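Enquirer: The primary structure of each chain is shown beneath.
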Amino acid sequence: MDFRKAGLRETEYEEIKRVLGREPNECELRIMGVMWSEHCSYKSTKHLLKLFPNEGERVVLGPGENAGIVDLGEGLGAAFKVESHNHPSAVAPYQGAATGVGGIIRDILALGARPVASLDGLFFGDPERARTRTLASGIVHGVGGYGNAVGVPTVGGKTVYDPCYNENPLLNAFCIGLIPLDEIVSSRTARPGQAVVLLGSKTGRDGIAGAAFASVELSEDNKASRPSIQIGDPFAEKLLIEACLEMKEKKLIVSMQDMGAAGIISSSSEVAAKSGVGMILHFDKVPLRAENMEPWEIALSESQERMLLIVDRPRLSEVMKIAEKWELDCAEFGETVEGDEYTILFHGERAASLPATLIGDRCPQIHWPSRRPADLEARWTFDVEDIPLPQDWNEALLSLLSSPSLASKESIYEQYDSMVQLNTVVGPGHPVNMLRIKGRDSLIAMTLDADPWKCSLDPFRGGAETVARSVRDLAVSGARAAGLTDCLNFPSPEVPEQYWVLEECVKGMAEACAAFNCPVVSGNVSLYNESPEGAILPTPVVGTVGIVPSTDATLSSGSWEEGDVLFLVGPCNPSLGGSRYLLSQGRFEGRPLPFSPEAEKDFVERALKTASSKAAHSGRAISGGGLAAALAKESMESGVGAAAAVPVPTRKDVFLFGEGGARALYAVPMSRVPLFKTLWSGYPCIPVGRAGGDSLSVEGAFSLPVAKLLTKWRGR
Amino acid sequence: MNTAVVVFPGSNCDQDVMHAVAETLGTKVRAVWHRETALPADTDLVILPGGFSFGDYLRCGAMAARSPIMKAVAAHGKRGGLLLGICNGFQILTESELLPGALLPNRTLDFICRPCFLRVENVSNPFTANFSKGQCVQFPIAHGDGLYTLPESELKTLEERGGVVFRYCSPDGQAEDESNPNGSANNIAGIVNEGGNILGLMPHPERASDPLLGGADGRVFWRSLFDAYRKGGR
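Protein chains in written order, with the working numbering: chain A, 1 to 716; chain B, 717 to 950.
Just so you know, the hints here were simulated from the structure itself, not pulled from any lab data. Take these hints with a grain of salt, some might be off.
[As the list claims (entries may be wrong)] Chain B regions said to be covered by chain A (calculated; three or more residues, Cβ under 8 Å): (1) 725–731; (2) 814–828; (3) 832–843.
Predicted, not measured: the structure shown is a model, and the values here were computed from it. Positions of the beta carbon are idealized from the N, C-alpha and C atoms, including for glycine.
The following block holds chain A by itself, in its conformation from the complex (with noise of 0.2 Å):
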């Protein structure tokens, strides 16, 4: 068999047969061709994720696990991370959205947490067109009928069009969960002489190589992949995870691993490099669901809800009788041993014997070349006065309303069960939405955020920008972000200037996270989303995850009540570049504002305050559709609407539709205005108008009751 047609590379081939010191054989060629596929091995991007800080107070497991852990205080931690599912939603939209969700839920499993709380990121293309509505329907439905059964409530998440999205569309699922920090169950604790064991569904020959597919870009050609496809059984992944977690609770369990990419083959080979071990696989053993597999497929075999176990040989009967109980496939197939050796057997032959560290770790790193792009400062260069003020100020909030990606999507989220399990504070259709902790008095905060169109017009500022709107989202509903998960969704990098978007938004988000003191604690890196039709926008996108001291120190968005003081807080000043605004027009150039570290953690301390002491009765960070849009969506939410005006000489559109900086809407009762007033003072903050009565209205732009936005943001 050719490498090239296993998926490797010259430099890459020449390596393994360096280590092994012989020609690898067909079942072992396939192996590393999918392993140290781009999926596998991060091997472009490795060192681009170093620029992360990944260190904080709180931060109790960092990447490289299966999710990254926050403290929640008192002995309990949150496990979290995002990962995408592009390729197969592309392909297979219902399935590929459902195993997505599947897919992270063990991931959080495997570190013996139990799953609270999904959030969706949803990037669709234009949705006039019929193929848009059939893969959103089809990816919607996917993420629903595999959430809702297995009891994971999906919170909320992130909805966005463009046209960029239409043959690629992105789904990157979020999982939370919540573990007791003596309970964590770790990948690097198996020692020689323990049993490794298969829980779970049984092998088949679907979604052979999937990794594979998603490390190269969409073409007519591979979308008739359909065996790279898995099918989701979220009856199965509920069985799945009762049972992990009466494993667990019982000590049962040495160490575990989710099977997603790459199956049995990169969850064995994982534990074992991690913990230092080798490990003999008896793969006669692997419960299969189809007839005569070659040893690679099983290897490499996705097929679903499955789980990896390593368990002490004489606990192995409980293990089964538990897998028995939930009615679980459950086989003992192989054994640790010391060494570095990872050994297939089948039908008593050597199928494949290869170090473990060689197939996980030691791909060559790939530094693709970078080039700015040429007509970056082309796109800066516009003028704000080029942009002619709305005719008709009414029509042009509510088209703005009413545009894809700003508008409700209640549509969606409502086809989710978002609140089984009795934990959901806030849930969909807000900012944040928020968790309780039973028996405790805090809460967990959650937010998804992306922003591609300032990703793409400044990839560093857009980059920053993604992650700030994230923590002051949190901080303004209360919440101290104490991490995050990223999910880098780019098209190829080896086209130079695409690489040079991936490093600038990697080090604007960095700068960020550092700023924020928010480390990244796990992510997911998303390469080659381009098809035939062309590549998609950068798209990094953040879960950022975190904690309201009690329950006392939040504050709701859309609670206006009659008289409020309505405060803009912020900057007067942000710009039109990357607007929804400008967007909504067609217009998709300038230059979002520049992250400011000073600003934006003064902004965190007072929005912090600002809740703890009720200072305020509502409050919503600005961020698409600007000033107008966050009014709109405060008074429509409230039910209330408001008579405000542009106290300050910046043109009505910019200081109404702009976006970017640090800027936050209040609703302040007057008792507590000079409350308030202290709070932010040294900080940009002027009055605005006051809440109350039936319409909402700017002086000199738009006025308009408030059932009408709600007609139109809502569209039906």
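Position chain B relative to chain A; hints supplied.
Expert: What follows is chain B alone, placed relative to chain A:
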């Protein structure tokens, strides 16, 4: 009052309902695995919780209705013991023919999760005795198959005997079509058997049992059961 919550493979509201009952009433709540053949001897209330028993891979509730424990559950109900089915539990009750009718896919064909207003139609049963007739309460729904149906003549009988306990309604209590989330006949959200001891409903009272989570009308529901039990009715 001792409560037994039956856990089927794929149940996912079992822990929730146990939590809500225990938090609201402070009474004993036990989980019973579906493969058991008997309920704990001192069981007063049996709850079939929501979820996707057996993955809903056959008709919702059809497999669970044939689980080993169901013989004991049916006997408990037929003896006059309190039996409650929520969401998937309601589907299991109709599949077991402990309640009339069937639950079909929602008319939108989509899963729907949202808070719903319900009008309490019947308060002369232990589940709703603490509500007032016509009162409007809020319990969320979360289901794909919640369209309640039964033949016209049986529907008439059900209505006439006051078997409808909850009806989907508007915030001001009107049971009109716009407030019917799934297309159920006569906006029916929950029904009780003739004996008044077996109730099935699609909405989730356990999700409305804590003000922090957006509502506490469910507490009145649990309290009704408890008070009825203490009065020695069952």
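Enquirer: Evaluate each hint against the coordinates.
Expert: Now the hints, each set against the structure:
no. : hint    : verdict
1   : 725–731 : holds (count 5)
2   : 814–828 : holds (count 3)
3   : 832–843 : violated (count 0)
This entry does not satisfy hint 3, going by the numbered hints stated previously; all others are met.
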